[in-house]
Amino acid sequence: MTFSTKSLLSAPLSRRGWLAAASGLLLGLSTFGTAHAADDTIKIGILHSLSGTMAISETTLKDAMLMLIDEQNKKGGVLGKKLEAVVVDPASNWPLFAEKARELITKDKVSVVFGCWTSVSRKSVLPVFKELDSILFYPVQYEGEESERNVFYTGAAPNQQAIPAVDYLMKEEKVKRWVLEGTDYVYPRTTNKILEAYLKSKGVPAEDILVNYTPFGFSDWQTEVSKIKTFGSAGKKTAVVSTINGDANVPFYKELGNQGIKATDIPVVAFSVGEEELAGIDTKPLVGHLAAWNYFESINTPENKAFIKEWHAFTKNPKRTTNDPMEAHYIGFNMWVKAVEKAKSFDPDKVIAALPGIKQANLTGGVSEMLPNHHITKPVFIGEIQADGQFNVVSPDDPKKAKLVPGDAWSDYLPGSKDLESDWVTLKCGNYNKVTKKCGGQSS
Amino acid sequence: MSLCSSLSSRPRSRLISRARWLLAALVVATVALTTPSPATAAPFEDAVALFAAGSFSDSATAVGELETSGHPRALAIVKALQDGRLFADEASKAVFIKDEAGKTVNAVTGEPATMPAEANVVRLNNRLRRRVEAALGSLTLLSPDPATRIAAAQAVYKSRDPAALPMVEAALQKETNSAAKSALNAARAAIVLFKPDASEADKLAAVATVKARGDQDALALLSSLPGDVPRAVAESANSAMATIKSRLALWSMVQDAWYGLSLGSVLLLAAIGLAITFGVMGVINMAHGEMVMIGAYTTFVVQDIIRTSYPSMFDYSLLIALPLAFLVAAMIGILIERTVIRFLYGRPLETLLATWGLSLILQQAVRTAFGPNNREVGNPSWMSGAFDLGQISITYNRLWILCFALAIFVVLLAVLRFTRLGLEMRAVTQNRRMAASMGIATARIDALTFGLGSGIAGIAGVALSQIDNVSPNLGQSYIIDSFMVVVFGGVGNLWGTLVGAFSLGIANKFLEPFAGAVLGKIAILVLIILFIQKRPRGLFALKGRAVEA
Chain A
1 MTFSTKSLLS
11 APLSRRGWLA
21 AASGLLLGLS
31 TFGTAHAADD
41 TIKIGILHSL
51 SGTMAISETT
61 LKDAMLMLID
71 EQNKKGGVLG
81 KKLEAVVVDP
91 ASNWPLFAEK
101 ARELITKDKV
111 SVVFGCWTSV
121 SRKSVLPVFK
131 ELDSILFYPV
141 QYEGEESERN
151 VFYTGAAPNQ
161 QAIPAVDYLM
171 KEEKVKRWVL
181 EGTDYVYPRT
191 TNKILEAYLK
201 SKGVPAEDIL
211 VNYTPFGFSD
221 WQTEVSKIKT
231 FGSAGKKTAV
241 VSTINGDANV
251 PFYKELGNQG
261 IKATDIPVVA
271 FSVGEEELAG
281 IDTKPLVGHL
291 AAWNYFESIN
301 TPENKAFIKE
311 WHAFTKNPKR
321 TTNDPMEAHY
331 IGFNMWVKAV
341 EKAKSFDPDK
351 VIAALPGIKQ
361 ANLTGGVSEM
371 LPNHHITKPV
381 FIGEIQADGQ
391 FNVVSPDDPK
401 KAKLVPGDAW
411 SDYLPGSKDL
421 ESDWVTLKCG
431 NYNKVTKKCG
441 GQSS
Chain B
1 MSLCSSLSSR
11 PRSRLISRAR
21 WLLAALVVAT
31 VALTTPSPAT
41 AAPFEDAVAL
51 FAAGSFSDSA
61 TAVGELETSG
71 HPRALAIVKA
81 LQDGRLFADE
91 ASKAVFIKDE
101 AGKTVNAVTG
111 EPATMPAEAN
121 VVRLNNRLRR
131 RVEAALGSLT
141 LLSPDPATRI
151 AAAQAVYKSR
161 DPAALPMVEA
171 ALQKETNSAA
181 KSALNAARAA
191 IVLFKPDASE
201 ADKLAAVATV
211 KARGDQDALA
221 LLSSLPGDVP
231 RAVAESANSA
241 MATIKSRLAL
251 WSMVQDAWYG
261 LSLGSVLLLA
271 AIGLAITFGV
281 MGVINMAHGE
291 MVMIGAYTTF
301 VVQDIIRTSY
311 PSMFDYSLLI
321 ALPLAFLVAA
331 MIGILIERTV
341 IRFLYGRPLE
351 TLLATWGLSL
361 ILQQAVRTAF
371 GPNNREVGNP
381 SWMSGAFDLG
391 QISITYNRLW
401 ILCFALAIFV
411 VLLAVLRFTR
421 LGLEMRAVTQ
431 NRRMAASMGI
441 ATARIDALTF
451 GLGSGIAGIA
461 GVALSQIDNV
471 SPNLGQSYII
481 DSFMVVVFGG
491 VGNLWGTLVG
501 AFSLGIANKF
511 LEPFAGAVLG
521 KIAILVLIIL
531 FIQKRPRGLF
541 ALKGRAVEA
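Top to bottom, those sequences are chains A and B. Under our numbering, the first residue of the first sequence is numbered 1, with each subsequent residue one higher. Under our numbering, the first residue of the second sequence is numbered 1, with each subsequent residue one higher.
Simulated from the structure, these hints should not be mistaken for lab results. Cβ atoms here follow ideal geometry from the backbone N, Cα and C, with glycine treated the same way. Incorrect hints may have been included.
What follows is a list of derived Cβ distance ranges for each label pair [what the hints assert, rightly or not]:
#	chain 1	residue 1	chain 2	residue 2	range
1	A	ALA361	B	PRO323	34 to 44 Å
2	B	TRP251	A	LYS236	17 to 27 Å
3	B	SER199	A	VAL186	52 to 62 Å
4	B	LEU519	A	LYS350	44 to 54 Å
EDC-like cross-link-like pairs, simulated, lysine to aspartate or glutamate; straight-line CA separation at most 20 Å [stated by the list, open to error]:
#	chain 1	residue 1	chain 2	residue 2
5	A	LYS262	B	GLU100
6	A	LYS319	B	GLU376
7	B	LYS98	A	GLU341
8	A	LYS171	A	ASP282
9	A	LYS284	B	ASP315
10	A	LYS237	B	ASP217
11	A	LYS202	A	ASP184
12	A	LYS74	A	ASP63
13	A	LYS229	B	ASP228
14	B	LYS158	A	ASP388
15	A	LYS229	B	ASP388
16	A	LYS227	B	ASP217
17	B	LYS79	A	ASP347
18	B	LYS245	A	ASP208
19	A	LYS229	A	GLU207
20	A	LYS176	B	GLU118
21	A	LYS262	B	GLU118
22	A	LYS236	B	ASP304
23	B	LYS158	A	ASP282
24	A	LYS227	B	ASP215
25	A	LYS109	A	ASP347
26	A	LYS284	B	ASP58
27	B	LYS245	A	GLU207
28	A	LYS229	B	ASP304
29	A	LYS400	B	ASP83
30	A	LYS227	B	ASP202
31	B	LYS181	B	ASP202
32	A	LYS262	B	GLU200
33	A	LYS319	B	GLU90
34	A	LYS236	A	GLU207
35	A	LYS284	B	GLU118
36	A	LYS305	B	GLU118
37	A	LYS171	B	ASP215
38	A	LYS400	B	ASP202
39	A	LYS82	A	ASP388
40	A	LYS236	B	ASP315
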């Protein structure tokens with residue numbers, strides 16, 4: 001029951017993508033390719049949902065990519081060629097992601113694709129990128145347990161977000177009892193599995209861990225929150241690790257405020273709540289609840305200030321927030337530019353070979369590096385929600401001197417994956433088993 | 001503020017602070033070389049200057065010093081720190097307070113001062129925030145306002161800081177307000193229970209006090225007792241815990257029932273418009289959720305205008321939004337009926353597909369106009385907060401929504417029963433040809449009925465904007481539930497919708513604690529499917545010839 005014709009291809013730099021999207025829907029026509037520009041441009045695919053449930057998060061990333069491409073063109077493009085964005089709308093529809101990816105690579109002949117948000121959408125496009133041998137930059141924190149030759153993961157792996165956050169709570173808040181609360185799909189389930197194994201390895205007994213899942217878009221949190229409250233009244237310091245995703249967050253935090261759970265009693269650390277998500281909530285009752293990311297808009301570096309300024313100018317909206325996946329695209333895009341310049345070619349194989357080892361300054365004062373496992377090194381920040389909807393970094397003490405953590409594709413805490421290693425440079429393998437010394441051990 | 005607490009023994013923090021004083025004295029000494037300032041290294045001033053050091057632990061030390069200093073400015077400074085109005089300049093070690101009006105005063109002297117541009121707000125983390133709450137608690141125990149005293153006693157109850165015991169006892173002596181007295185007693189009991197050198201008799205009395213309190217906090221306190229308490233105390237604590245637990249279990253039933261009613265009212269709100277368009281008219285209206293969404297966005301627009309132009313009217317924003325949401329949604333409903341649905345009567349499959357397409361168009365139109373992000377719709381003051389009923393807390397917004405849902409139901413029932421429009425609607429839906437031959441303009445009635453259903457959905461959107469996200473996807477999350485309620489309750493019967501909504505809500509909430517949210521929902525769906533097998537026309541089936549029409 002899908003109107004598969006909701007698609008559109010808007011012209012490059014078109015700020016009227018929205019109108020086009022709406023009219024595309026109205027007409028129900030599959031319009032494509034006004035973008036038959038001159039041969040001296042290089043096309044870049046942007047595969048983010050502009051309609052449907054995920055539009056809330058992904059639209060911003062499309063805008064961020066348009067800004068980055070625009071900026072690069074002002075600097076003269078890459079290898080003397082202008083870049084041209086090709087925007088498609090996979091409409092939060094997972095199979096459509098694969099269709100649109102195929103269209104981008106075969107019809108539009110894009111050199112690289114920046115896109116996807118949810119893990120299901122990434123899993124859906126993987127076979128396409130493998131088959132057609134193209135490049136995908138994936139900018140969102142995810143559950144790990146994957147490393148593909150054609151994909152570069154610029155978001156955080158669990159060891160760059162979830163585990164440091166739990167460490168912080170253990171050390172700073174002396175948390176002894178844990179609620180792992182998540183939306184019921186692959187990212188929270190895998191992350192919670194890793195966290196459960198990690199907590200148990202740190203000596204937390206099973207009765208002090210409560211794992212709970214709710215459906216997508218869940219809005220009646222009364223029972224769940226009072227369950228958390230009861231669990232937290234066992235006399236040990238309790239914290240909630242939230243992998244709640246998307247729209248369900250707002251009613252969740254509202255209910256926390258309603259039931260008077262303050263951050264000083266039961267802190268909530270979230271992995272999917274950023275500046276963007278907080279924009280729709282009154283944050284005063286939430287002050288002190290935490291989020292773990294690799295970037296916060298509030299981090300005060302010259303690079304970040306310049307980026308924010310440019311973003312406001314580009315979107316013509318001085319209030320528009322920046323967030324972590326935007327920074328991931330910033331890093332990923334610049335790494336791709338550098339790799340192309342290093343390889344002196346846009347050919348995907350040459351660029352894939354050139355990417356590992358590329359270094360790019362991130363926006364928080366460090367330099368991230370693309371690793372042989374196609375993940376990058378990132379700093380980890382823990383921020384507390386403030387009354388103005390921004391985050392106040394509480395760990396590390398000086399955000400500018402944060403240590404960079406290399407992304408680990410295969411978790412060390414899961415029995416199936418702790419022997420696996422990913423190395424596309426020397427081993428040429430995404431899941432090399434260190435015990436059996438074979439490539440293609442166990443894959444997720 | 002009494003001085004006695006400063007005599008309490010806290011050797012470690014004393015030592016640390018002494019070291020800090022030494023450091024501070026050194027700083028002052030070096031400053032004194034260059035500036036002719038009166039270098040009086042008073043402890044209070046030095047403690048305040050610690051806020052300028054920038055680290056959380058320095059700030060925590062400073063708060064501890066202020067708590068026991070007995071200085072008249074201490075309360076103002078700690079309060080400012082809690083509210084994020086305390087600023088510190090790292091270079092000059094000067095600390096400032098900004099009041100609500102934006103004026104700055106020197107934190108130590110309380111005199112107006114100009115703050116240097118480099119001064120930063122003193123940062124807080126949760127550990128420091130807890131420290132601040134505890135300090136504020138012991139600083140405000142003797143406040144003239146009983147509500148402040150109760151809050152202070154609760155803060156002390158949570159922090160169980162032995163240093164606050166003399167203050168609590170002093171406050172107890174003077175206390176006349178009974179609520180404040182019991183809060184203070186509980187605070188005293190909490191401290192005594194965790195004080196290693198308190199006598200066994202004192203501790204037993206403390207257990208009894210905490211038991212009388214009987215809430216979740218009491219349970220938390222008792223279960224975190226240290227292992228080295230005397231045997232008798234541990235035993236009485238265990239029996240107290242058992243009593244509290246069984247009492248709380250009873251209350252949790254009441255709580256589940258309340259949650260069920262509240263969920264039921266939300267379901268009723270979402271479904272009641274559909275009970276008209278689908279239940280009465282028989283149109284499978286997949287765009288029903290979008291009418292709810294349009295109502296919610298109308299509320300947003302109204303609030304936005306009020307916020308920018310008439311901020312004092314904010315508390316009335318929902319009352320203003322209600323008729324507007326009804327009108328906007330009803331207009332769109334009538335437009336849809338006239339342009340699309342009227343050509344599709346009697347063709348349910350086409351109607352389903354067409355209205356589903358319409359729902360996508362409406363969603364994307366809203367996304368285009370307002371952006372894909374959530375919009376903030378505020379709670380008016382009369383809908384914020386909660387009150388306690390026994391051991392459960394009831395939030396005002398849920399209570400109002402319950403009342404509101406019932407009110408809409410009654411009004412709708414009255415419209416159908418007592419107005420001419422209602423009479424004609426029933427006539428047309430029961431026997432269209434007969435109604436037409438009686439001179440009723442059936443096409444007009446169709447449009448108005450659809451408009452009424454849509455308008456009611458719009459009104460529901462105003463209420464739902466208070467508890468859910470106002471985003472283009474708002475409607476989607478309610479469409480399935482709405483159909484479930486209407487089908488379960490019995491198509492064509494408003495009472496069925498009412499009973500259906502509340503029974504589904506309550507069943508869901510009683511299942512959720514055992515089965516979890518995901519399984520609970522599945523269980524409800526399975527139950528409905530089984531029920532429909534048994535009674536295909538729902539709870540309240542229409543009987544007679546009207547059914548076949």
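Hint check:
{"no.": "1", "hint": "ALA361/A / PRO323/B: 34 to 44 Å", "result": "violated, 56 Å"}
{"no.": "2", "hint": "TRP251/B / LYS236/A: 17 to 27 Å", "result": "holds, 22 Å"}
{"no.": "3", "hint": "SER199/B / VAL186/A: 52 to 62 Å", "result": "holds, 57 Å"}
{"no.": "4", "hint": "LEU519/B / LYS350/A: 44 to 54 Å", "result": "holds, 51 Å"}
{"no.": "5", "hint": "LYS262/A / GLU100/B", "result": "violated, 23 Å"}
{"no.": "6", "hint": "LYS319/A / GLU376/B", "result": "holds, 14 Å"}
{"no.": "7", "hint": "LYS98/B / GLU341/A", "result": "violated, 53 Å"}
{"no.": "8", "hint": "LYS171/A / ASP282/A", "result": "violated, 29 Å"}
{"no.": "9", "hint": "LYS284/A / ASP315/B", "result": "holds, 19 Å"}
{"no.": "10", "hint": "LYS237/A / ASP217/B", "result": "holds, 12 Å"}
{"no.": "11", "hint": "LYS202/A / ASP184/A", "result": "violated, 26 Å"}
{"no.": "12", "hint": "LYS74/A / ASP63/A", "result": "holds, 17 Å"}
{"no.": "13", "hint": "LYS229/A / ASP228/B", "result": "violated, 27 Å"}
{"no.": "14", "hint": "LYS158/B / ASP388/A", "result": "violated, 27 Å"}
{"no.": "15", "hint": "LYS229/A / ASP388/B", "result": "holds, 15 Å"}
{"no.": "16", "hint": "LYS227/A / ASP217/B", "result": "holds, 14 Å"}
{"no.": "17", "hint": "LYS79/B / ASP347/A", "result": "violated, 62 Å"}
{"no.": "18", "hint": "LYS245/B / ASP208/A", "result": "holds, 18 Å"}
{"no.": "19", "hint": "LYS229/A / GLU207/A", "result": "holds, 16 Å"}
{"no.": "20", "hint": "LYS176/A / GLU118/B", "result": "violated, 39 Å"}
{"no.": "21", "hint": "LYS262/A / GLU118/B", "result": "violated, 31 Å"}
{"no.": "22", "hint": "LYS236/A / ASP304/B", "result": "violated, 44 Å"}
{"no.": "23", "hint": "LYS158/B / ASP282/A", "result": "violated, 26 Å"}
{"no.": "24", "hint": "LYS227/A / ASP215/B", "result": "holds, 15 Å"}
{"no.": "25", "hint": "LYS109/A / ASP347/A", "result": "holds, 11 Å"}
{"no.": "26", "hint": "LYS284/A / ASP58/B", "result": "violated, 25 Å"}
{"no.": "27", "hint": "LYS245/B / GLU207/A", "result": "holds, 18 Å"}
{"no.": "28", "hint": "LYS229/A / ASP304/B", "result": "violated, 35 Å"}
{"no.": "29", "hint": "LYS400/A / ASP83/B", "result": "violated, 26 Å"}
{"no.": "30", "hint": "LYS227/A / ASP202/B", "result": "violated, 33 Å"}
{"no.": "31", "hint": "LYS181/B / ASP202/B", "result": "holds, 18 Å"}
{"no.": "32", "hint": "LYS262/A / GLU200/B", "result": "violated, 33 Å"}
{"no.": "33", "hint": "LYS319/A / GLU90/B", "result": "violated, 30 Å"}
{"no.": "34", "hint": "LYS236/A / GLU207/A", "result": "holds, 12 Å"}
{"no.": "35", "hint": "LYS284/A / GLU118/B", "result": "violated, 26 Å"}
{"no.": "36", "hint": "LYS305/A / GLU118/B", "result": "holds, 17 Å"}
{"no.": "37", "hint": "LYS171/A / ASP215/B", "result": "violated, 29 Å"}
{"no.": "38", "hint": "LYS400/A / ASP202/B", "result": "violated, 52 Å"}
{"no.": "39", "hint": "LYS82/A / ASP388/A", "result": "violated, 40 Å"}
{"no.": "40", "hint": "LYS236/A / ASP315/B", "result": "violated, 41 Å"}
The structure shown violates the earlier hints numbered 1, 5, 7, 8, 11, 13, 14, 17, 20, 21, 22, 23, 26, 28, 29, 30, 32, 33, 35, 37, 38, 39 and 40.
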